[in-house]
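A.B. asks: What follows is each chain in one-letter form.
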Amino acid sequence: MSTKTPAAPPASQELAKKAPRSSGSKKFFRKVEPYIWIAPSIILMAIFIVTPIVKVFQLSMSKVTRAGLVKGYNNFENFSKVLKSPAFALVLKNTIVWTIAVVVISTVLGFMLALVLNNKFRGRKVARAIVVFPWATTLVIQASAWNFIINKDYGTLNTLLMKIGLISAPVNWTPTPGAYFAWEIACGIFVTIPFVTFCVLSGLQSIDASYYEAATVDGAGYFQKLFSITLPLVKSSLTVATVLNIIYVFNSFPIIWTMTKGDPANHTDTLVTYLYKLAFYNGKQGEASAVSVIGFLILLVCASVYMIYTLRKGDDDL
Amino acid sequence: MKKFLATLLTLVMVLSLAACGGDKGGEATPPPADTGSTDAQTPPAGSGDKIDISVIAAEYGQNTKEWWAGFQNDFNGSHDGINLNVEVVSWNDIYTVVNTRISNNDAPDILNIDVFADYVADDLLLPAQDYVSDETYAKFYDAFLEQSNIDGTIWAIPDLASARAMYYNKGILEAAGAEVPTTWDELKDVCAKIKAYDSSIYPWGIDMTTDEGQAAFAYYIWNNGSDFTDASGNWTLNSDKNVEAIEYAISLVKDGYTNSDPATETRYALQDLFGAGKLAMVIGPNSIPTYIADNYAKANTPEEEQIDFAFAAIPTNGGNASVSAGVMDRFMCFDNGHSDEKLEAIKEFFDFFYEDTRYSDWVLMEGFLPATSAGGEIVAASDPDMAPWVDIVGSCKFYPTAKAEWANVKQGVINVEQQALMGGNVQELLDELQAEIEAEAAG
Amino acid sequence: MSQPVNTVKKPVSIKKTILRVLLYFVVLDVCVITLYPYFAMLCTALKNRVEIFSGGTVLPVVPLWSNFIDIWSRAPMAKYMLNSVLIAGGSTIIAMLCGIPAAYALARMKFKGQTAFLGFVIVSQMFAPVVLLIGIYQVMQRLGLTDNILGLIFINAAFNQAFTIWLLRGTFMGISAEMEQAATIDGCTRVQSMMKVLLPVAAPGIVTTLIFIFINAWNEYTVALCLISTDDYKPLTVGINTFNGYNMIEWQYLFAASIFAIIPVVILFMSIEKNLVSGLASGGVKG
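Note that the protein sequences, when read in sequence, are chains C, X and L.
So our numbering is basically just the index in the first sequence, starting at one, shifted up by 383.
So our numbering is basically just the index in the second sequence, starting at one, shifted up by 207.
So our numbering is basically just the index in the third sequence, starting at one, shifted up by 1277.
If we strip away everything but chain C, and leave its shape as in the complex, we get (with noise of 0.2 Å):
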């Protein structure tokens, strides 16, 4: 019944136990039921992450016509095309001060900010709740929020900041293109530290308080006990927040897309915007699954990097 129905590992487990057979099916059984544990997770990813990506990389490779037809391999040419174009460089340093910047600051301060909320305080609860908000917003309104808020000509921040007396004439808050890069920056970080802080809250919570109390004992000063017992212990799942977000921001499209869409002149494009604006602005969806596939190349380099040096350091860390 194993081999025929993967579909129901609980039944097939009961009868391995109830009627003992020969130990070879047992052993057989030990060996195959790992992967009917893992075969639903497979198949649903198999369908309707793999089954795309093969399709990006067919069109990667394929002459495709502005409205979408496919006709025939045209070898690299999608590659080469990308490569030389001018903005491609721009909008590669775009993507990458983006990732970095959003993911280390936004660690750090969640990371922070996680230690804060671990305290016991009055209105603890409601803190946490006001600090989830950004995470359950979209970002679509989100982004669309912010840019309505640095608006220099309608915008609420120029009308409060007039209101308190801090500023007397409208300020132009995103006088250059780097100015408003920054503030796509500072609107990425925004809707990111929660889900930091909440990883971390998560792995905090999970922390022993005896821990605390015997270092305290010991007479551990709080920095001491910060590096020698909270950090190492929320490693992990700091980890695979950072990893996780590493992926996300890279790929991350609403925001950008909402404040800028780019402009001007690709000047605040990442590799998600502007291989969109290539598809479907351009209608050039091969050049545009060429640009995926070097994104996913060099998300591909940094993950195996990161795989490489943690499965060194022994499994327990990923």
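Please note: incorrect hints may appear among the correct ones.
As the list claims (entries may be wrong) - Cut-off 20 Å, straight-line C-alpha distance, at most; resulting in silico cross-link-like pairs (DMTMM-like, lysine to aspartate or glutamate): (1) LYS505/X <-> GLU1455/L; (2) LYS461/X <-> GLU393/X; (3) LYS660/C <-> GLU647/X; (4) LYS464/C <-> GLU647/X; (5) LYS467/C <-> GLU393/X; (6) LYS660/C <-> ASP321/X.
For the record, the hints were derived by calculation from the structure and aren't laboratory data.
Could you slot chains X and L onto chain C? The hints should help.
C.D. replies: Relative to chain C, chains X and L alone:
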């Protein structure tokens, strides 16, 4: 609890397996029942003997969806053998939706959108006369039909148009002691006067965003007596007059006469600034008066706070006649291997749509301009404010959308404008673009 | 002897007070900054267009509560909301049903290709759904799931597998296997021991994972935008776009609708916060 989990797991597996089987077996998987039975698009033969017509239509504004819903009801009610399904998609998403559908061989029968040349290039469309009855075909302005002419064949029919003119805030101009500008030099003078009168008001609005930056390009080159192409249709993007025109537009920004960030402020933001009295002059579509009046009505704005405005011809340079920019959208029919009956049904659809009163209702719904002469007469008669526009739209210039390179030109000129805003050299940028487009046109 | 103790104690309590004040100061600042966009959204949602664009007022002159009513008649908000709940709920269930066994196998069993599977999970996340739109659409079309809520549920579940598996695996591995082994000796099957022993202990991690998937699916925008064309099946994120139309952005409606989109998630979070605490308690028992 164990049983519960086992059942759920089994369920997931069955679903996944069914999905998997569907992946290999093609269209065998019926649409799941729990999502309702209203999606009439997917079942291939489920709707009896009726002929299915699928339409994707652009969402022009708040009333579009409702209008099409009513149309669909009326049409299906009076055509027993036809099952019409209209899908209204917002402009933000329509290219994504349509391109994805086409790449997956799932093109709609009829599409209402602005571009068409790319589809012709891929042999996806039918010639207009295959799916429009002679009677309806004869209704359109010839100049409009010509906009959809590629190699002597008309591939699409116009559904509506809009034209642009310069709007100005009478109160601000009067207070600043300025006359309505008609030339580029006068425009700069007026801007300077407004700036001197009240530095918190933006004299002139420019939109050079990815959204519609090509319109700015067109306004300035057309009113400098130049164009995207020469008379025989070759691209002339880097002509001296084009360079002069764009340099002039950029100089308006550099002199501080415009909204602060033309690369990210879209025309919608500009319209709103104009309505709020913070922007003195802006080039905009004929729908602006309706739009502003609606806003005031909704907001109960007292009369003394409403702006007093009018429109005039777009200022020109070098004694050229002012050119209004026209924007025209279209219907096109995809070649999905239609049977003769289906083509007849599609003809009936268009006859129904372009029936004069229904058509003028369509045009007036969002304050656009008609593309048929009969529609024009009805619209002009029913709304005196629209009458001058009906004249303007008959004579305005359109983007060269029939040329295959247009999509690249459009993105290219926007890029040039934005580079120039950041200090790039207009001549060099346009030279580069011209070379790029020529290379594309050649092969 | 008692004297010096007293002198030491006093500065400590002052230090503690300063720390308390500092703590409240930081928390208050964080809350104010975090809430500011929502405050701006709320104020804008209560204004009329003209007031919004003329600037100059922080609070609406006359709060226009009717904006909150108008949106329900201008767009099928209730339907959008129901769809969002179905999509987010369905995605969460499927992602957990697939993810828990996989994470369990990774944490408790040794098998060939374990590392490869983990690598595959990470790699599968390296393409943004935006990038894969065309491929996703094709798969959905083959399965007859375009313009279908079920399709979105599967996509969201699939794209959340990585987080589900990685976080749960970490949680499971952090919990000693001894109790499960004891349960197995008592005659429990593997599934029983997982359900009865492991999962309750792992509650905090599971709850975090649940929230994460739910919020992600609730907020998903791009795929829904492309796959769903019928108004009746649109989730809130896409439906709200109605107010982001061709001729104008209706800020007041956009933000009013957004507030409705945010509220359920916040309520959900607040209700689960309690579970987090109780989960913590049960987690503490294990030691």
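A.B. asks: Tell me if the straight-line CA distance from LYS467/C to GLU393/X falls inside 20 Å.
C.D. replies: Given that 20 Å is the threshold and the Cα spacing comes to 44 Å, the pair is violated.
A.B. asks: Taking only the CA atoms, is the gap from LYS660/C to ASP321/X under or equal to 20 Å?
C.D. replies: 18 Å, holds
A.B. asks: Take the C-alpha atoms of LYS464/C and GLU647/X, compute the straight-line distance between them, and say whether it is at most 20 Å.
C.D. replies: 13 Å, holds
A.B. asks: Tell me if the straight-line CA distance from LYS505/X to GLU1455/L falls inside 20 Å.
C.D. replies: Violated. LYS505/X to GLU1455/L sits at ~69 Å, over the 20 Å cutoff.
A.B. asks: Check whether the Cα positions of LYS660/C and GLU647/X lie no farther apart than 20 Å.
C.D. replies: 19 Å, holds
A.B. asks: Are LYS461/X and GLU393/X close enough, with their CA atoms no more than 20 Å apart?
C.D. replies: Distance ~17 Å between LYS461/X and GLU393/X Cα, so the pair holds.
When each numbered hint is compared with the structure, violations occur for hints 1 and 5.
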